[in-house]
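K.L.:
Listed below are the residues making up each chain.
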Amino acid sequence: SAVISQKPSRDICQRGTSLTIQCQVDSQVTMMFWYRQQPGQSLTLIATANQGSEATYESGFVIDKFPISRPNLTFSTLTVSNMSPEDSSIYLCSALGLAGPHYNEQFFGPGTRLTVL
Amino acid sequence: AQSVTQLDSQVPVFEEAPVELRCNYSSSVSVYLFWYVQYPNQGLQLLLKYLSGSTLVESINGFEAEFNKSQTSFHLRKPSVHISDTAEYFCAVIAAAGNKLTFGGGTRVLVKP
Chain Y
1423 SAVISQKPSR
1433 DICQRGTSLT
1443 IQCQVDSQVT
1453 MMFWYRQQPG
1463 QSLTLIATAN
1473 QGSEATYESG
1483 FVIDKFPISR
1493 PNLTFSTLTV
1503 SNMSPEDSSI
1513 YLCSALGLAG
1523 PHYNEQFFGP
1533 GTRLTVL
Chain H
7 AQSVTQLDSQ
17 VPVFEEAPVE
27 LRCNYSSSVS
37 VYLFWYVQYP
47 NQGLQLLLKY
57 LSGSTLVESI
67 NGFEAEFNKS
77 QTSFHLRKPS
87 VHISDTAEYF
97 CAVIAAAGNK
107 LTFGGGTRVL
117 VKP
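These protein sequences, in sequence, are chains Y and H. 1423 is the number of the first residue of the first sequence in this note's numbering; add one for each residue after it. 7 is the number of the first residue of the second sequence in this note's numbering; add one for each residue after it.
It should be emphasised that the hints constitute simulated quantities derived from the structure, not laboratory data. It cannot be assumed that every hint is accurate.
Which residues of chain Y face chain H? A few of them, derived with a C-beta cut under 10 Å, are [as the list claims (entries may be wrong)]:
1. TYR1457
2. PRO1461
3. ILE1485
4. SER1510
5. ILE1512
6. GLU1527
7. PHE1529
8. PHE1530
All values reported here derive from a predicted model rather than from experimental measurement. Ideal Cβ positions, reconstructed from N, Cα and C, are used throughout, including at glycine.
Looking at chain Y on its own, in the form it has when it is part of the complex (with noise of 0.2 Å):
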């Protein structure tokens, strides 16, 4: 299995600023991810982080206010930018395991809870 870390584990931030979250998996995985848990709800994808390419994002969100960067493939960085009180959300990375028994399993970091005043 996969053991992801975040940096940071949380944080409060004022409007306006940037914050970048890290992501850190301990064995190489095929396929990366960052979700956004607003407050009492479900997962949702912002995007697929791609290797040396532009991530992939989901309807809703854009480059511009979720860049995300892969450089290698244990690695990855979300910065959500221009915050408003509405980007107030736990930020989780997830890697998607390799064949073998955690074939097709997504594993998911502890998360980075964001609060902006």
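Got chain Y sorted already, so can you dock chain H onto it with the hints?
P.N.:
Same frame as chain Y, now just chain H:
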């Protein structure tokens, strides 16, 4: 595209009583099914999954789920819950040839003493 419906947003249950969390999905292709658990202030953990084979799958902590293709359901059950089972439970599906999870709305289980 797939969709997932968890019919109960909250399920209060007494300790040592049974619990069932309902999950129905919609898909035009074959899918894999998952249940994730999120304990308070923690990330998601995989509880169990169905990929193929036996339609009844079990977790190490007493939960089980049964895949019913005709009913397009994957309900989660536990015969006797503990206080520590208090958490939010998410049902999720992924197309067998795909790579994106679709989550249900979640069911919050509150186990009362």
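K.L.:
If you check each hint against the structure, which ones fail?
P.N.:
Violated hints (numbers, rising): 2, 3, 4; every other hint is consistent with the structure.
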